[in-house]
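Asks: Take a look at the letters that make up each chain.
There are 2 protein chains.
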Amino acid sequence: MFKKRDNIKEVEEGKFLYPKFDKNGLIPVITSDFKTGDILMHGYMNKESLKKTIETKEAVYWSRSRKKIWHKGKVSGFIQKVKEIRIDDDQDSIWITVDIGKGASCHVGYRSCFYRSIPLGETKNLKKLKMKFKERKKVFDPKKVYKNETNPTKL
Amino acid sequence: MFKKRDNIKEVEEGKFLYPKFDKNGLIPVITSDFKTGDILMHGYMNKESLKKTIETKEAVYWSRSRKKIWHKGKVSGFIQKVKEIRIDDDQDSIWITVDIGKGASCHVGYRSCFYRSIPLGETKNLKKLKMKFKERKKVFDPKKVYKNETNPTKL
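Line order of the protein sequences matches chains A and B.
Numbered continuously in this note's numbering, the first sequence closes out at residue 155.
Numbered continuously in this note's numbering, the second sequence closes out at residue 155.
In isolation and in its complexed conformation, chain A is listed as follows:
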């Protein structure tokens, strides 16, 4: 589906796409909010979901917990409209910029999955470090939206 990676110079400096999928067939994806610039989530795509994302201009991931193609927002309604897709120097990670309107990207209910900030400087007892919440209010109630869906968070 994609070109074979056979030349480092081409991968780094060329105009063609040579995405590198790991041994599970996945490439990590950073998703940022085109309005605020905030990172909304960190996910993964396989070949098929990357192709679908380019084609449909809506973010399609691979769900590692559900082990299937995941059209983000299909259940919650919070579709991510893709404004731009970028790839990095060695083409083993992807950055997509998306429009989610006034919606959310986090299954816990916040706009961004990255709603907690780790205090800097002190590491004597990492078990006692207290994070700060950077989002005060949930955008939606996950219990109402996801109903009987299983929680993707695993221990």
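Hints listed in this document are in silico derivations from the structure and should not be mistaken for laboratory results.
Don't take each hint at face value.
Where chains are identical, the list cannot tell them apart; a pair therefore holds if satisfied intra-copy or between any two copies.
To be verified - Below, in silico cross-link-like pairs of lysine-lysine (PhoX-like), each with a Cα-Cα straight-line distance of 25 Å or less: (1) Lys23 <-> Lys68; (2) Lys15 <-> Lys138; (3) Lys68 <-> Lys83; (4) Lys67 <-> Lys52; (5) Lys23 <-> Lys47; (6) Lys74 <-> Lys47; (7) Lys15 <-> Lys83; (8) Lys143 <-> Lys102; (9) Lys20 <-> Lys130; (10) Lys57 <-> Lys67; (11) Lys132 <-> Lys81; (12) Lys154 <-> Lys23; (13) Lys20 <-> Lys132; (14) Lys132 <-> Lys35; (15) Lys57 <-> Lys102; (16) Lys20 <-> Lys68; (17) Lys81 <-> Lys47; (18) Lys20 <-> Lys52; (19) Lys83 <-> Lys35; (20) Lys15 <-> Lys132.
This structure is a prediction, so every number in the text was calculated from the model and none was measured.
With chain A's structure known, arrange chain B on it following the hints.
Replies: Below, chain B alone, put in the same frame as chain A:
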């Protein structure tokens, strides 16, 4: 070093840090530029490098290609001063915001590793898709800066 993950509610909604490292002992890290909001790079940390990053307020990664702790900028001079560290809902990925001044983060010489944009919409022949360069000029000459260091890009 870090708390044991034994309660999903605590991991998602608590104030304590329960980072999840994969079977290689790594957690993915998104690094963004505190001035422009651009994503600079996608990397990985192990327990030790996460601790060092919190402690020293300078980004310390795990280099998968060199298989060692990687104090970013030690060779190039482009140290990343950490302004904030966030963690996501299930605590299996990290977002750091850094100050690199007028420096660069990409070993190819660009400011951001994500200097190419993938055109949207057309997927009939993914092998012929031509990306657009979003950065025109390199910040530094990698040959001069890295000299005999081996290229971290692998095919």
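Asks: Hint by hint, note whether the structure agrees.
Replies: Against the structure, the hints come out as follows:
1. Lys23 <-> Lys68: both (16 Å within a copy, 21 Å between copies)
2. Lys15 <-> Lys138: So Lys15 and Lys138 pass the 25 Å test across copies only (16 Å; inside, 41 Å).
3. Lys68 <-> Lys83: within (24 Å within a copy, 36 Å between copies)
4. Lys67 <-> Lys52: Within one copy only: 17 Å inside a chain, 34 Å across chains, cut-off 25 Å.
5. Lys23 <-> Lys47: Answer is both: 12 Å inside a copy and 23 Å across each meet the 25 Å cutoff.
6. Lys74 <-> Lys47: Within. Shortest intra-copy distance 20 Å satisfies the 25 Å Cα cut-off; inter-copy 35 Å does not.
7. Lys15 <-> Lys83: Within. Shortest intra-copy distance 19 Å satisfies the 25 Å Cα cut-off; inter-copy 33 Å does not.
8. Lys143 <-> Lys102: within (19 Å within a copy, 46 Å between copies)
9. Lys20 <-> Lys130: Answer is between: at 17 Å across copies they meet the 25 Å cutoff, but 37 Å inside does not.
10. Lys57 <-> Lys67: within (22 Å within a copy, 37 Å between copies)
11. Lys132 <-> Lys81: between (30 Å within a copy, 20 Å between copies)
12. Lys154 <-> Lys23: Close inside one copy (21 Å) and across copies (14 Å); limit 25 Å.
13. Lys20 <-> Lys132: This pair counts as between: shortest inter-copy Cα distance 19 Å, intra-copy 36 Å.
14. Lys132 <-> Lys35: This pair counts as both: shortest intra-copy Cα distance 23 Å, inter-copy 22 Å.
15. Lys57 <-> Lys102: within (18 Å within a copy, 33 Å between copies)
16. Lys20 <-> Lys68: Both: 19 Å inside a chain and 22 Å across chains, each within 25 Å.
17. Lys81 <-> Lys47: For Lys81 and Lys47, only the intra-copy Cα distance (19 Å) is at most 25 Å; the inter-copy one is 35 Å.
18. Lys20 <-> Lys52: Within one copy, since 17 Å is at most 25 Å while 29 Å is not.
19. Lys83 <-> Lys35: both (11 Å within a copy, 21 Å between copies)
20. Lys15 <-> Lys132: Close across copies (7 Å), not inside one copy (42 Å); limit 25 Å.
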